[in-house]
Every structure is written in structure tokens, then in C-alpha cells.
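Chemist: For the record, the sequence lines run as chains D and X. The first sequence runs 1 to 279 under our numbering. The second sequence runs 1 to 316 under our numbering.
Just so you know, the hints here were simulated from the structure itself, not pulled from any lab data. Computed from a predicted model, the values in this text were never measured in an experiment. Note that CB positions come from ideal geometry on N, CA and C, so glycine has one too. Certain hints may be false.
To be verified - Reference excerpt, derived from the structure (chain X facing chain D, CB under 8 Å, subset only): (1) 21; (2) 25; (3) 29; (4) 66; (5) 79; (6) 103; (7) 106; (8) 109; (9) 128; (10) 189; (11) 238; (12) 293.
Stated by the list, open to error - A few chain X residues that don't get close to chain D, going by computed Cβ distances all over 12 Å: (13) 35; (14) 75; (15) 77; (16) 82; (17) 119; (18) 163; (19) 215; (20) 222; (21) 257; (22) 268; (23) 271; (24) 284.
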Amino acid sequence: MSKARQSTLRTSLVHVALIAYTLVALFPVFLTIINSFKSKQAIFGQPLRLPGPSTFSLIGYETVLKQGDFITYFQNSTIVTVVSIFLVLLLGAMAAFALSEYRFRGNTLMGLYLAIGIMIPIRLGTVALLQGMVATGLVNTLTALVLVYTAQGLPLAIFILSEFMRTVSDDLKNAGRIDGLSEYAIFFRLVLPLVRPSMATVAVFTMIPIWNDLWFPLILAPSESTKTVTLGAQLFIGQFVTNWNAVLAALSLAIFPVLILYVIFSRQLIRGITSGAVK
Amino acid sequence: MTDLAPEQGTEAARRRPRRWHIFVFLAPAVVVYTAVMILPLFETLRQSFFNTVEGEKVFVGFANFATLFGDPRWAADFWNALRNNFIFFLIHMAVQNPIGVALAALLSLPGLKFGAFYRTAFFLPTLLSFVIVGFIWKLILSPIWGVAPWLMDLVGLKSAFGPWLGKPGSALIAVSLVSVWQFIGIPMMLIYAALLNIPEEVIEAAEIDGIVGWGQFFKIKLPLVLPAIGIISILTFVGNFNAFDLVYTMQGALAGPDKATDILGTFLYRTFFGFQLQLGDPSMGATIATMMFLIILTGVCIYLFGIQRRIRRYQF
Numbered sequence: 001m002s003k004a005r006q007s008t009l010r011t012s013l014v015h016v017a018l019i020a021y022t023l024v025a026l027f028p029v030f031l032t033i034i035n036s037f038k039s040k041q042a043i044f045g046q047p048l049r050l051p052g053p054s055t056f057s058l059i060g061y062e063t064v065l066k067q068g069d070f071i072t073y074f075q076n077s078t079i080v081t082v083v084s085i086f087l088v089l090l091l092g093a094m095a096a097f098a099l100s101e102y103r104f105r106g107n108t109l110m111g112l113y114l115a116i117g118i119m120i121p122i123r124l125g126t127v128a129l130l131q132g133m134v135a136t137g138l139v140n141t142l143t144a145l146v147l148v149y150t151a152q153g154l155p156l157a158i159f160i161l162s163e164f165m166r167t168v169s170d171d172l173k174n175a176g177r178i179d180g181l182s183e184y185a186i187f188f189r190l191v192l193p194l195v196r197p198s199m200a201t202v203a204v205f206t207m208i209p210i211w212n213d214l215w216f217p218l219i220l221a222p223s224e225s226t227k228t229v230t231l232g233a234q235l236f237i238g239q240f241v242t243n244w245n246a247v248l249a250a251l252s253l254a255i256f257p258v259l260i261l262y263v264i265f266s267r268q269l270i271r272g273i274t275s276g277a278v279k
Numbered sequence: 001m002t003d004l005a006p007e008q009g010t011e012a013a014r015r016r017p018r019r020w021h022i023f024v025f026l027a028p029a030v031v032v033y034t035a036v037m038i039l040p041l042f043e044t045l046r047q048s049f050f051n052t053v054e055g056e057k058v059f060v061g062f063a064n065f066a067t068l069f070g071d072p073r074w075a076a077d078f079w080n081a082l083r084n085n086f087i088f089f090l091i092h093m094a095v096q097n098p099i100g101v102a103l104a105a106l107l108s109l110p111g112l113k114f115g116a117f118y119r120t121a122f123f124l125p126t127l128l129s130f131v132i133v134g135f136i137w138k139l140i141l142s143p144i145w146g147v148a149p150w151l152m153d154l155v156g157l158k159s160a161f162g163p164w165l166g167k168p169g170s171a172l173i174a175v176s177l178v179s180v181w182q183f184i185g186i187p188m189m190l191i192y193a194a195l196l197n198i199p200e201e202v203i204e205a206a207e208i209d210g211i212v213g214w215g216q217f218f219k220i221k222l223p224l225v226l227p228a229i230g231i232i233s234i235l236t237f238v239g240n241f242n243a244f245d246l247v248y249t250m251q252g253a254l255a256g257p258d259k260a261t262d263i264l265g266t267f268l269y270r271t272f273f274g275f276q277l278q279l280g281d282p283s284m285g286a287t288i289a290t291m292m293f294l295i296i297l298t299g300v301c302i303y304l305f306g307i308q309r310r311i312r313r314y315q316f
């Protein structure tokens with residue numbers, strides 16, 4: 001009896017601790033979103049109340065949509081992220097296949113060379129990177145960002161994907177070879193479909209730092225037509241720092257896409273991490 | 001990398017003396033990676049030995065480094081940024097890892113309900129951009145809004161509240177804790193995964209020997225997840241010594257108040273791009289980037305050769 005009661009007590013204590021941290025993790029986000037829908041008076045008067053009929057207001061969102069060009073920023077971020085992920089996955093999978101499938105001179109060395117980028121951040125090369133982009137006329141273009149993010153994402157993608165490609169059965173590939181498939185067909189038609197789940201994991205890992213990056217948009221593409229959401233929000237908030245409605249609305253607008261994507265991909269992401277994709 | 005079926009490799013080699021497809025598969029990734037990552041990195045390192053004298057780039061040897069360490073103003077800024085960066089890292093290690101381990105340990109309890117919900121909630125801040133995280137916390141900690149004092153009042157600590165982000169003594173700690181709040185999801189997930197990988201038999205054997213509860217956690221589980229903690233530590237180290245965004249968002253490029261939150265990333269940014277009256281200086285920027293490279297490289301080497309090899313790995 002007492003043992004059963006003790007274990008119930010223990011379980012509830014565990015849940016109390018977990019709920020407490022859930023509040024710590026979610027409260028700031030919740031607070032921002034509810035206050036973005038309130039009038040200025042209510043934001044300061046009752047910051048913790050949900051917006052009610054008397055306090056509901058969309059004035060912040062109106063300011064944001066009128067003043068900032070968030071639709072363009074959003075498009076820019078989407079283009080940069082999608083194109084970079086596509087390139088990271090395609091080039092990364094090809095290189096991972098070459099490294100894991102064939103024995104050739106310098107294989108191990110090439111693997112190590114490509115792995116340097118996992119530990120050494122690409123930011124340290126910014127000085128020369130900016131000069132290079134200026135010299136090639138790529139400054140203030142989305143291409144510059146795509147190139148940088150592709151290079152940044154490749155090392156980890158190649159590392160994870162080659163681990164997975166080693167698990168694809170040799171019999172299958174050899175059967176393909178006997179049937180006269182070219183090496184390219186074996187890669188695209190046999191191997192790629194089999195490693196699709198790990199590609200999804202890599203895609204999610206690659207996406208988060210690209211979407212959230214502030215450094216490279218600030219340095220390589222700060223012009224009005226190439227701003228990403230992260231940079232746009234940063235500059236907008238800096239300008240409107242005293243207009244709390246606008247700031248909260250801009251923050252909420254920046255949170256929503258992440259929230260939606262997270263709801264869709266959270267299973268994939270968490271499974272990817274816990275299955276040991278990153279070791 | 002060399003454990004491929006050898007007969008298959010040699011057979012392919014015999015059939016096709018020139019295996020162009022390997023080149024085709026590898027070349028695009030290697031070209032992009034080399035051109036955009038490796039070459040700029042080495043060019044930046046090389047430029048730390050050059051400076052502009054009367055409009056021309058000339059080799060100056062270690063003169064830039066002499067300025068960085070010898071000129072009192074440069075040296076003061078550099079050591080200040082380096083010290084702050086170490087404090088930033090130590091706060092991460094001291095707060096992020098224990099909380100991450102504790103949350104992972106609770107989440108991995110057998111038969112826990114709503115585990116998926118908790119995991120999703122804990123990981124959410126990690127996905128938000130620095131801009132969002134920085135400004136949300138700036139607003140919450142702002143004395144104008146009054147949310148933080150109100151919350152402190154709930155636990156009876158209202159008098160302890162202060163404008164933390166504005167005081168030199170507390171700003172760095174406040175910014176570090178916000179960063180911990182943001183990234184706690186990563187150690188939690190990696191340790192959670194490591195805890196799940198401990199085989200049932202090991203736990204059962206411990207239970208038969210009468211090791212349960214706390215003792216079991218500290219004597220059995222914690223040693224088994226040490227490699228994961230090692231990986232987290234090096235990831236945190238690299239991330240922290242190359243951090244920039246959060247400080248820039250919360251405290252601006254000047255990393256105020258009075259450079260109390262200045263870390264190497266913001267120091268590099270100010271030096272390279274200039275701010276207010278100071279002009280941007282690519283040579284000194286490259287010099288600081290080189291120092292950051294050496295610091296990160298040292299950390300990675302200590303991990304790879306000093307720590308990783310000594311941690312005992314258990315194969316199940």
C-alpha cells in the first residue's frame with residue numbers, strides 16, 4: 001500500500017518538475033503572442049491576461065504590414081533555405097555515396113578533409129568571404145547566401161548520410177550492376193530512395209541554422225531586396241523599439257512559421273536526434 | 001571508411017580503369033566546400049599577416065598580432081572579450097548541462113506519460129532565431145514592462161529584481177542564461193538518446209545488486225552517458241566561441257553596458273565593419289578571426305586527443 005502511494009507521489013513530483021520547466025520554456029513565447037493581439041494600454045496594464053473583447057487590437061500587425069516589407073523578407077528566407085537544403089542534400093548525398101561506396105586512393109583523407117567543417121565554423125572566414133563576394137559581384141544577392149549555407153551544411157550532411165549509406169545492402173547494388181544499371185542509376189534509383197528518412201533528418205538539421213542566421217544576411221546581403229526574415233525583423237524592431245505593439249507583432253510573425261513547421265516536423269526531428277543521427 | 005567489401009572494389013577497378021563517376025559524385029560538393037569554406041578560411045588566416053600601408057597590401061609579419069596584444073586599447077578589448085567569452089562558456093557548462101541531464105533523466109523514466117509533449121516543449125526555444133529569443137527576453141526583463149518584477153513577486157523575490165541587462169555586473173550573466181534557455185534542448189535530447197541506448201540488462205543487473213534510484217543514476221547511468229556529455233561540451237565550446245547573434249540582438253554591436261557583454265564574435269564584427277566613429281579594419285578583423293580559429297582549434301584538439309580517447313566507451 002505505502003509503496004504504491006510512494007510511487008504515485010514520485011510520479012507526481014516528476015510531473016511537477018517537468019511541467020515547471022515546460023512553463024519556463026513556453027511562457028516567453030506565449031506571452032509574446034498573446035500581447036501582440038492587445039492594445040498598447042492592455043500590454044502594459046495587464047500583460048498576463050489573454051486578449052479580451054475590450055483589449056483586442058491588431059494595430060501592431062497593421063504597422064508591421066504597412067512599414068516593413070515582410071512578404072519580400074519571407075520570400076527571400078524561403079528561397080534561400082529551400083535552395084540551400086536542396087543543394088546540401090543533393091551534393092551531400094552524392095559525395096557521401098562516393099565516400100561510402102567506392103574504394104579509391106585518398107578516400108579516408110577526403111572524408112577527413114570534408115569533416116573539418118563540422119567543427120570549424122565557416123564564420124571565421126568571413127573577412128575573405130566578403131572580399132570574394134565583392135570581387136565576384138555576388139554581394140547583396142541571394143546566391144551569396146545560398147553558396148555560404150550550402151558549404152556550411154555539407155560537412156555534417158556528408159558525415160551523417162555516409163553512415164546511413166553504409167547500411168544499404170551490397171547485394172542490392174550488385175544485383176543492379178548485373179542488370180546493367182549505371183553507377184548513376186544505382187545511386188539515384190536504388191540508394192537514394194532507401195536513405196530518404198535520413199535525408200529528412202539532415203534537411204531539418206540544415207534548415208534551422210539557415211533560417212535563423214543573422215550574421216551572413218547582415219554582412220553579405222543587407223540590401224532591402226535581399227533581406228531575410230531574421231534580418232528584417234532585427235532591423236524593424238531596432239527602428240520601432242518604442243512601439244511595443246509593432247515589436248510584439250513582428251516577433252509573433254517571425255515565430256509563426258517556425259511553430260507551424262515544428263508542429264509538422266517535430267516527430268521527424270526528435271526521432272532523428274534520438275536515433276543517433278548525430279554521434 | 002576502409003571497411004568496404006574489398007572484392008567489389010577491386011573488381012570494379014578492373015572493369016573500369018578510370019572510374020569517372022567517383023569524380024562526378026564528389027566534385028560538386030568538394031568544389032563548393034573548398035571555394036566557399038576552406039579557401040576563405042585560409043585566406044582570412046593569411047590576411048592576418050598583411051596590412052594596408054598607403055593604400056597597398058603589404059606583408060607585415062606578426063605586426064597585427066603585436067598591435068592586438070601590445071597596444072593597450074586593443075589588448076584591453078581583446079582580453080575583455082576573451083574573458084567574457086570564457087564566462088559565457090562556463091555559465092553554459094554549469095547551468096545547461098546539469099539541467100539538460102536532469103530533464104533527460106526525468107524524461108527517460110519508464111512509463112512516463114506525456115513524454116512526447118514535454119520533449120516538444122523543451123526543444124521549441126532551440127528552433128527560434130536569436131532575434132526572437134533576444135527581443136522576447138529583452139522585453140520580459142525590461143523594468144518598463146514589469147513582467148519580470150511581477151513574476152519575481154510571485155515567489156516573494158520582488159526586491160531582488162533589477163535592470164539586469166543594463167548593469168555591467170549582471171548583463172553578461174543575464175545574456176548567458178538567455179542563451180542557456182535557448183539551447184537547453186540540445187543537451188537534453190542527446191543525453192536522452194544516450195540514456196535510451198543503455199540496455200535493459202545493465203539496469204536489471206544493477207537492480208539485482210540492489211542499486212536503485214539515485215544511486216543507480218549516479219553509479220550506472222551517468223558514467224554510461226559520459227561520451228554524450230563530452231560531445232555536448234565540445235559543441236557548446238565551438239558554438240560559444242563563435243557566438244555573436246544573441247549579444248548583437250540584445251545589447252547591440254557595442255555589447256554594452258560598457259562592453260560588459262562583449263565576446264569575440266561581437267569584437268570581430270565591430271573591428272571588421274567598424275561602428276560609429278571607428279572605421280572597419282579587415283586586417284585586424286582577420287587577426288581576431290585567426291585568434292578565434294586558434295582558440296576553437298585548441299578546444300577541438302583537447303577534446304579529440306585529450307578527452308575523447310580517455311572516456312571509456314562501452315559497447316553493448
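Chemist: If a hint holds in the structure, say so; if it doesn't, say that too.
Modeler: Hints, one by one, checked against the model:
Because the beta carbon of residue 21(X) sits about 4 Å from the nearest beta carbon in chain D, less than 8 Å, this interface hint is met. Because the closest C-beta pair between residue 25(X) and chain D is about 4 Å apart, less than 8 Å, the hint holds. Below 8 Å, beta-carbon pairs count as interface contacts, and residue 29(X) has one with chain D at about 4 Å; its hint therefore holds. Nearest Cβ of chain D to the Cβ of residue 66(X): about 19 Å, over the 8 Å cut. The hint is violated.
Because the closest C-beta pair between residue 79(X) and chain D is about 20 Å apart, greater than 8 Å, the hint is violated. With its C-beta approaching chain D no nearer than about 6 Å, residue 103(X) sits inside the 8 Å limit, and its interface hint holds. Below 8 Å, beta-carbon pairs count as interface contacts, and residue 106(X) has one with chain D at about 5 Å; its hint therefore holds. At its closest, the beta carbon of residue 109(X) sits 6 Å from a beta carbon of chain D; the interface hint therefore holds under the 8 Å criterion.
Proximity of residue 128(X) to chain D holds as hinted, the smallest CB-CB distance being about 6 Å (cut-off 8 Å). Satisfaction of the interface hint for residue 189(X) is found here, the shortest Cβ-Cβ separation to chain D being roughly 4 Å, below the 8 Å cut-off. For the restraint placing residue 238(X) at the interface with chain D, the shortest Cβ-Cβ distance is roughly 6 Å, inside the 8 Å limit, so the hint holds. A least Cβ separation of about 5 Å between residue 293(X) and chain D falls short of the 8 Å threshold, and the interface hint therefore holds.
Listed as outside the interface, residue 35(X) is inconsistent with that label: its C-beta sits roughly 8 Å from the nearest C-beta of chain D, within the 12 Å cut-off. Every CB of chain D lies more than 12 Å from the CB of residue 75(X), the least distance being 21 Å, so the non-interface label holds. The non-interface label for residue 77(X) is consistent with chain D: the shortest C-beta to C-beta separation is roughly 18 Å, beyond 12 Å. Look at residue 82(X): its CB is around 15 Å from the nearest CB on chain D, clear of 12 Å, so calling it non-interface holds up.
Its beta-carbon lying about 6 Å from the closest one in chain D, residue 119(X) breaks the requirement of being farther than 12 Å from that chain. Even its closest Cβ contact with chain D, about 16 Å, leaves residue 163(X) beyond 12 Å, as expected for a residue assigned away from the interface. Under the 12 Å C-beta cut-off, the non-interface status given to residue 215(X) relative to chain D holds; the minimum distance is some 15 Å. Every CB of chain D lies more than 12 Å from the CB of residue 222(X), the least distance being 18 Å, so the non-interface label holds.
Even its closest Cβ contact with chain D, about 17 Å, leaves residue 257(X) beyond 12 Å, as expected for a residue assigned away from the interface. With a least CB separation of 8 Å from chain D, residue 268(X) falls inside the 12 Å interface cut-off, contrary to its annotation. Distance to chain D contradicts residue 271(X) as a non-interface residue, since its nearest Cβ pair spans about 10 Å, not more than 12 Å. Listed as a non-interface residue, residue 284(X) fails to keep its Cβ farther than 12 Å from every Cβ of chain D; the least gap is roughly 10 Å.
Checked against the numbered hints given earlier, the structure breaks hints 4, 5, 13, 17, 22, 23 and 24 and satisfies all the rest.
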